[in-house]
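Given chain A, work out where chain B should sit, using these hints.
If you want the building blocks of each chain, they are given just below.
Protein chains: 2
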Amino acid sequence: MHYVTGSYKIIYRMKDDKILMGHGSGGIMTHELIEKLFVRYFKNPILDEQGDSALLKVSGRNLAFTTDSFVVNPVFFPGGNIGNLAIAGTVNDLAVSGAVPRYLSVGFILEEGFALDDLEKIVESMADEARKAGVVIATGDTKVVEKGKCDKIFINTSGVGELKDKYLNISSGKKIKPGDKIILNGGIAEHGMAIMAARNELNISTPVLSDCACLNGLIASALEVSPNIRFMRDATRGGIGTVLSELVQKKDFGIRIDEQTLVIEDSVRGMCELLGFDPLYVANEGKVIMVVAEEDAEEVIRKIKKHPLGKKAAMIGEITAEHSGKAWLETSVGGKRMVDMLSGQQLPRIC
Amino acid sequence: MHYVTGSYKIIYRMKDDKILMGHGSGGIMTHELIEKLFVRYFKNPILDEQGDSALLKVSGRNLAFTTDSFVVNPVFFPGGNIGNLAIAGTVNDLAVSGAVPRYLSVGFILEEGFALDDLEKIVESMADEARKAGVVIATGDTKVVEKGKCDKIFINTSGVGELKDKYLNISSGKKIKPGDKIILNGGIAEHGMAIMAARNELNISTPVLSDCACLNGLIASALEVSPNIRFMRDATRGGIGTVLSELVQKKDFGIRIDEQTLVIEDSVRGMCELLGFDPLYVANEGKVIMVVAEEDAEEVIRKIKKHPLGKKAAMIGEITAEHSGKAWLETSVGGKRMVDMLSGQQLPRIC
Numbered sequence: 002m003h004y005v006t007g008s009y010k011i012i013y014r015m016k017d018d019k020i021l022m023g024h025g026s027g028g029i030m031t032h033e034l035i036e037k038l039f040v041r042y043f044k045n046p047i048l049d050e051q052g053d054s055a056l057l058k059v060s061g062r063n064l065a066f067t068t069d070s071f072v073v074n075p076v077f078f079p080g081g082n083i084g085n086l087a088i089a090g091t092v093n094d095l096a097v098s099g100a101v102p103r104y105l106s107v108g109f110i111l112e113e114g115f116a117l118d119d120l121e122k123i124v125e126s127m128a129d130e131a132r133k134a135g136v137v138i139a140t141g142d143t144k145v146v147e148k149g150k151c152d153k154i155f156i157n158t159s160g161v162g163e164l165k166d167k168y169l170n171i172s173s174g175k176k177i178k179p180g181d182k183i184i185l186n187g188g189i190a191e192h193g194m195a196i197m198a199a200r201n202e203l204n205i206s207t208p209v210l211s212d213c214a215c216l217n218g219l220i221a222s223a224l225e226v227s228p229n230i231r232f233m234r235d236a237t238r239g240g241i242g243t244v245l246s247e248l249v250q251k252k253d254f255g256i257r258i259d260e261q262t263l264v265i266e267d268s269v270r271g272m273c274e275l276l277g278f279d280p281l282y283v284a285n286e287g288k289v290i291m292v293v294a295e296e297d298a299e300e301v302i303r304k305i306k307k308h309p310l311g312k313k314a315a316m317i318g319e320i321t322a323e324h325s326g327k328a329w330l331e332t333s334v335g336g337k338r339m340v341d342m343l344s345g346q347q348l349p350r351i352c
Numbered sequence: 002m003h004y005v006t007g008s009y010k011i012i013y014r015m016k017d018d019k020i021l022m023g024h025g026s027g028g029i030m031t032h033e034l035i036e037k038l039f040v041r042y043f044k045n046p047i048l049d050e051q052g053d054s055a056l057l058k059v060s061g062r063n064l065a066f067t068t069d070s071f072v073v074n075p076v077f078f079p080g081g082n083i084g085n086l087a088i089a090g091t092v093n094d095l096a097v098s099g100a101v102p103r104y105l106s107v108g109f110i111l112e113e114g115f116a117l118d119d120l121e122k123i124v125e126s127m128a129d130e131a132r133k134a135g136v137v138i139a140t141g142d143t144k145v146v147e148k149g150k151c152d153k154i155f156i157n158t159s160g161v162g163e164l165k166d167k168y169l170n171i172s173s174g175k176k177i178k179p180g181d182k183i184i185l186n187g188g189i190a191e192h193g194m195a196i197m198a199a200r201n202e203l204n205i206s207t208p209v210l211s212d213c214a215c216l217n218g219l220i221a222s223a224l225e226v227s228p229n230i231r232f233m234r235d236a237t238r239g240g241i242g243t244v245l246s247e248l249v250q251k252k253d254f255g256i257r258i259d260e261q262t263l264v265i266e267d268s269v270r271g272m273c274e275l276l277g278f279d280p281l282y283v284a285n286e287g288k289v290i291m292v293v294a295e296e297d298a299e300e301v302i303r304k305i306k307k308h309p310l311g312k313k314a315a316m317i318g319e320i321t322a323e324h325s326g327k328a329w330l331e332t333s334v335g336g337k338r339m340v341d342m343l344s345g346q347q348l349p350r351i352c
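If you're matching them up, the sequences are chains A and B in order. Sequential numbering from 2 applies to the first sequence in the working numbering. Sequential numbering from 2 applies to the second sequence in the working numbering.
Next comes chain A alone, as it looks inside the complex (with noise of 0.2 angstroms):
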């Protein structure tokens, strides 16, 4: 789920009159679209409020439910293909919410002429990671069109997961406040890396595997020790960068981040200088970033680090009174930078 999070202004016309690449980006042009378009339509307090999953009641629980299409190119990737993506990043939508992801719905659409047996890896691969993360996947669909007008296979996901009352204010962050830190679970810029390693041939002697994975393990982990997480959100499209410029939109507190304390892996440094990419905003698919309170940070981060998708966890950063509404980064060469929303693209059909 990507709409908007917060409040929003409604502005009739879009710049554009037509649909572009960027508008896929999950930056500012994303934005731009689900604020003037969908929810100026579909308008409602649900929709309105919401973070990674809407948070909803059915028959007096709470449920938490969540969607994401992927159209990840190339299908196949190092370390992963577009059926396990498309698994871990409902599960991931879901479990950022605070919520325990129960069930899945997968829909197909497929290309004419697509290989049946590259339909039944990725089948496969959904099929295991689903049981990985203790999800069943409930119900599905299938469409078939003409070779020629989809990109080979195109998956959806959606989900519905468990919610205690407790975790009810994860999802949209109310409950930060300076002084809170900023941890995240290894490395950045994976999955955007593998992905354009795979796209573009590379030949690189240590190559970048996608971190693809479903973390709703290891978040269950650090909610065991902390009953003050604050706020999680997975950092896919448009990188950490994204994330944490959204999170400081018309909030009355400010992000600092150590850019000493990231972990980027030196193959997925040099991939990024030799492309061009700033890795703040390349995606990943197994990165979570969580705000706790100071008081249980280092506890959470010595429960996340026994987990096998926490082993590089790190403090990154912390909430900040000053510079309210900024996400600013404090290079290792003591300069200061405005983390931003990314606009236009950076890589399409990342997931």
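Treat identical chains as interchangeable: a pair holds within one or across any two.
The calculated lysine-lysine pairs, modelled on DSS-like cross-linking and capped at a C-alpha distance of 27 angstroms, are: (1) K153 <-> K19; (2) K122 <-> K19; (3) K122 <-> K133; (4) K153 <-> K44; (5) K167 <-> K58; (6) K148 <-> K19; (7) K148 <-> K37; (8) K58 <-> K165; (9) K153 <-> K37; (10) K306 <-> K167; (11) K133 <-> K44; (12) K251 <-> K167; (13) K122 <-> K44; (14) K133 <-> K37; (15) K122 <-> K37; (16) K327 <-> K175; (17) K304 <-> K175; (18) K176 <-> K306; (19) K313 <-> K133.
Hints in this document: simulated from the structure, not taken from any laboratory.
Leaving out everything else, chain B in the frame of chain A:
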């Protein structure tokens, strides 16, 4: 949701090695794909059991959950567009399970260059349709792919509905027995022929309009007057022929349909004859087949005839003890014809 109902047999290899258009028909090839691939890998009791929606338990409450992707071509057609179709399709999949549709997700895949004015029309009609049906669009996602990598716009909707215990058996039709009556709420083949007319730019004096509509209101009114509605299914891809033949598969009852009771508007019949389509297998998007206990059938028909979407409702046949596992049509001229599952494809990209 169009995964296979009832039991199935796993055969490892499929006949084909590539995806063919027929795999999306809703007929035999779709069933083969589902059984040999999706059900095989995703196997779980919920997926195995189900009809149009998955029936879930979440925090002790019954939920219905369903998904559908829409790839209809053309995007705008007489009587609707891909937007209200996407809302109605998922609302109906929930409603025919006996659930009250509550929340929808919306996932857009947009082609670079798609006109924003067209997108706005689609979004507006989705909002209208959701409002009429009383459902909330709770969450969404937008992806954009390069020009030529999808056909204008694809939409996935998933839905969550509340389901009372007393309706838990409607979806599977477990309570169906010989003597039950089969009710249909109006004319068949209208959606399919509206799409064909739009696709072929046929200049017809009496234009055929799609019957695309949300049926939850009509279904609720029927459930009000009868506790003995034993099965419902909206007859979409594959038409009423496919629903009827699926319903009797591996069952110890048969179905007899009286051709004379089927409503087919003259313009629809004319187009079917002109283009060589059997109206039994042409898609509807606002028609529900109900199996109702004999003693309640008249009352249900009386009630739904008062609803705007049920004016031409009729009893079209019955469940029989003989010819178990078969659906057969008594033709107007006194003959008998088997109603089999659609093989290959009839109309691609009808929804």
